[in-house]
Amino acid sequence: MKTFGGPVLFLDRADINTDEIIPAKYLTEITKQDLKPYILEDLKLEGFDPKGTKTKNARVVVSRANFGCGSSREHAPWVFEVNDITAVVAESFARIFRQNMFNCGMAAIELPKADLDQIFSHAADADACMTIDIEAQTLTVSGNGKQKTFSFELSPFDKALVMAGGWVDYADTKY
Amino acid sequence: MGKTTAEKIFAAHLVDEPFSGTKVLRLDVVLCHEITTPIAIDDLILRGKDRVFDPTRIKAVIDHVTPSKDSKTATQAKILRDWARRQGIKDFFDVGANGVCHALFPEKGFIRPGNTVIMGDSHTCTHGAFGAFAAGVGTTDLEVGILKGVCAFREPRTIRVNVNGSLPKGVYAKDVILTLIGTIGVNGATDRVLEFRGSTIDAMTMESRMTLCNMAIEAGGTSGICMPDMTTVEHLWPFIQGEFASKEAALSEYQKWCSDTDAVYEQTIEIDAASLVPVATFNFKPDQVKAVTEFTDNKVDQVYLGSCTNGRLEDLRIAAQILKGRKLAEHVRGILSPATPKIYREAMKEGLIDIFLDAGFCVTNSTCGACLGMSNGVLAEGEVCASTTNRNFNGRMGKGGMVHLMSPATAAATAIEGKIADPRKYL
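As given, the protein sequences belong to chains H and E, one line each in that order. Numbering-wise, the working numbering puts 264 at position 108 of the first sequence, and it's gapless, one number per residue. Numbering-wise, the working numbering puts 417 at position 411 of the second sequence, and it's gapless, one number per residue.
Some hints here could point you the wrong way.
Unchecked claim - Pairs of lysine to aspartate or glutamate, EDC-like flavour, derived with a Cα cap of 16 Å:
1) H/LYS200 with E/ASP56
2) E/LYS154 with H/GLU202
3) E/LYS55 with H/GLU197
4) E/LYS84 with H/GLU185
5) H/LYS330 with E/ASP303
6) E/LYS78 with H/GLU185
7) E/LYS75 with E/ASP100
8) H/LYS330 with E/ASP22
9) H/LYS181 with H/ASP168
10) H/LYS315 with E/ASP428
11) H/LYS188 with E/GLU23
12) H/LYS200 with H/ASP168
13) E/LYS154 with H/ASP328
14) E/LYS29 with E/GLU161
15) E/LYS78 with H/ASP190
16) E/LYS75 with H/GLU197
17) E/LYS305 with E/ASP208
18) E/LYS405 with H/ASP328
19) H/LYS181 with E/ASP76
20) E/LYS55 with H/GLU185
21) H/LYS181 with E/ASP268
22) E/LYS14 with E/ASP268
23) H/LYS188 with E/ASP49
24) E/LYS348 with E/GLU113
No lab work stands behind these hints: they were computed from the structure.
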């Protein structure tokens with residue numbers, strides 16, 4: 157199983173698509189590692205710098221609704237993975253992106269809008285940090301001297317994929 | 007209680023339900039292209055499992071960047087090509103025979119009613135036009151599909167979209183689907199199947215139905231689905247005539263997959279075809295849609311006709327009808343990419359290619375290239391493209407570029423005027 161948690165990168169917009177996460181022109185790379193410099197390159201968001209320290213240090217991304225919409229490219233989870241970001245927390249996900257995350261043994265965690273509003277308002281301007289306990293299905297956000305824990309739902313299948321380290325290993329032993 | 011088409015296909019293909027709500031399905035067809043497949047192939051090699059579950063159920067094409075534009079894309083093509091040869095995949099389409107996957111594979115009759123289909127490409131939902139469950143997946147799902155012939159899904163609920171009546175002049179399947187996405191939003195159908203029903207759909211060609219289903223993903227949908235009928239049978243007949251005594255026999259077999267009359271839907275959306283107008287997208291999301299008459303001052307630098315959404319013969323005919331005897335506006339570049347070599351050839355025979363060339367268009371080979379800003383028509387910073395494709399994300403056709411999605415008719419009218427134009431005055 158991968159490790160989850162660490163400094164948080166906040167992306168405060170809905171419908172962030174996989175073209176923004178990794179532009180199509182980099183889909184000609186044939187190793188995951190080669191994608192590393194291009195993370196979120198085309199994302200235009202006030203105060204966000206794809207090359208900045210916040211992006212570089214991040215281990216978790218927190219965003220809004222319909223995260224990862226658009227192209228099916230698994231390069232989107234991969235570019236997070238090679239940058240040591242193993243979890244995305246959002247109000248909702250596009251289906252293919254969500255499945256790709258779990259298929260790679262990464263976590264796509266959904267939280268209700270009210271919880272995300274709290275996290276954004278309390279911690280988005282700070283050097284926030286998140287711990288994630290997949291087994292207990294809880295996450296804790298610390299920032300601005302405050303700390304708060306939220307519980308999340310995870311389907312038993314998605315949890316099994318995270319535990320198995322991804323779908324290829326899971327399917328290979330089972331089917 | 008009756009079942010929807012998607013529910014029937016899930017029930018007939020169920021291999022395992024490892025947990026409540028997760029269904030592992032047997033796959034009838036696994037489609038592959040050179041962008042998302044090579045990493046799966048390399049990973050299988052690394053795992054010592056360089057094999058496929060059934061070479062006859064795997065179809066592969068080089069279509070995203072073709073002919074290869076540089077060493078990297080040549081390597082991707084080579085990995086796919088070598089693998090297809092090594093694994094005995096006979097339905098592999100290389101330079102000269104290749105076209106845009108979601109136009110080429112249906113043209114070859116590979117997708118049948120009741121099929122389960124996956125591909126490492128989000129627009130795989132196109133194939134639902136044949137009464138199939140067809141879903142775009144990532145490389146890992148594709149890898150498992152190639153190796154094991156299975157894929158796991160949360161069983162999607164179905165949204166029924168009833169479209170009734172005759173489409174007005176200048177209004178096409180593209181306007182129907184853009185209007186729907188504009189109504190339900192870019193995540194209005196996430197984890198859902200969009201089932202298209204009603205007299206407007208019944209009257210549509212397979213090409214128009216594919217245009218509809220193609221953009222189900224732009225509303226987040228897992229698959230679009232149309233009911234198999236005689237139009238479906240007629241399209242497939244050259245490929246299935248050995249399997250059935252008559253078209254009626256094929257129809258009766260295929261219609262087993264139609265949703266039952268007492269099937270239960272999560273939601274039903276009604277669209278009155280007569281109320282529709284030509285539309286296009288503004289801004290950077292496919293649900294930002296308005297009537298073309300509302301922004302006819304918007305200038306464009308390039309007009310692109312092609313793609314898995316609208317690069318089929320019907321689309322070329324519609325655009326050519328408007329372009330005939332007319333020229334591109336000054337300072338506007340026109341690019342046509344017929345979606346397959348067969349479409350290209352038919353368009354030549356019908357004189358359509360001459361019309362495009364006379365109008366000042368550049369006609370390229372069949373490729374996905376420009377649609378996702380990879381080749382053959384990439385935009386420069388600040389440029390605007392009127393396009394018959396399916397995504398208008400910021401930078402989609404080139405960093406800093408802007409895309410307006412529209413029907414081939416609207417794109418043709420726009421090409422003539424150099425700004426977004428109402429096609430109805432040319433019809």
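How the hints compare with the structure:
With a C-alpha separation of about 41 Å, the suggested pairing of H/LYS200 with E/ASP56 is violated against the 16 Å cut-off. Between E/LYS154 and H/GLU202, the direct Cα distance comes to roughly 45 Å. Violation of the 16 Å bound is thereby established for this hinted pair. A hinted pair counts as satisfied when its Cα atoms are at most 16 Å apart, and E/LYS55 with H/GLU197 does not qualify at roughly 35 Å. Taking the CA atoms of E/LYS84 and H/GLU185, the gap is about 14 Å. The hint holds against a cut of 16 Å.
At roughly 59 Å between alpha-carbon atoms, H/LYS330 and E/ASP303 are farther apart than 16 Å, so this suggested pair is violated. At most 16 Å may separate the alpha-carbon atoms for a hinted pair to count; E/LYS78 and H/GLU185 meet this at roughly 7 Å. For the given pair, E/LYS75 sits about 15 Å from E/ASP100 by alpha-carbon distance, which is consistent with the 16 Å threshold. At roughly 10 Å between alpha-carbon atoms, H/LYS330 and E/ASP22 fall within 16 Å of each other, so this suggested pair holds.
Of the pairs offered as hints, the one joining H/LYS181 and H/ASP168 is violated, with about 25 Å between alpha carbons and a cut-off of 16 Å exceeded. Distance restraint check for H/LYS315 and E/ASP428: the Cα-Cα separation of roughly 51 Å exceeds the 16 Å cut-off, and the hinted pair is therefore not satisfied. The hinted pair formed by H/LYS188 and E/GLU23 fails the criterion: a straight-line CA distance of about 31 Å is larger than 16 Å. In summary, the hint linking H/LYS200 to H/ASP168 is supported, as the alpha carbons are separated by about 11 Å, within the 16 Å threshold.
Annotation: proposed proximity of E/LYS154 to H/ASP328 holds, straight-line Cα distance about 8 Å (limit 16 Å). With a CA separation close to 7 Å, the supplied pair E/LYS29 and E/GLU161 stays within the 16 Å bound. Between E/LYS78 and H/ASP190, the direct Cα distance comes to roughly 12 Å. Compliance with the 16 Å bound is thereby established for this hinted pair. Only pairs whose Cα atoms come within 16 Å are accepted, and E/LYS75 paired with H/GLU197 is rejected, the gap being roughly 23 Å.
For the proposed pair E/LYS305 and E/ASP208, the alpha carbon gap of about 36 Å is over 16 Å, so the pair is violated. Between E/LYS405 and H/ASP328 the alpha-carbon distance is near 40 Å, which puts this suggested pair outside the 16 Å criterion. Simply put, H/LYS181 and E/ASP76 have alpha-carbon atoms about 12 Å apart, close enough for the 16 Å limit, and the pair holds. Using a Cα cut-off of 16 Å, the hinted pair E/LYS55 and H/GLU185 is violated, with the two alpha carbons roughly 22 Å apart.
Among the hinted pairs, H/LYS181 with E/ASP268 is inconsistent with the structure: their alpha-carbon atoms are about 47 Å apart, more than 16 Å. Between the alpha carbons of E/LYS14 and E/ASP268 the distance comes to roughly 13 Å, so the proposed pair stays at or under 16 Å and holds. Annotation: proposed proximity of H/LYS188 to E/ASP49 holds, straight-line Cα distance about 11 Å (limit 16 Å). Restraint check: the Cα-Cα separation between E/LYS348 and E/GLU113 comes to about 9 Å, which is no more than 16 Å; the hinted pair holds.
The structure fails to meet hints 1, 2, 3, 5, 9, 10, 11, 16, 17, 18, 20, 21 from the earlier list, while all remaining hints are met.
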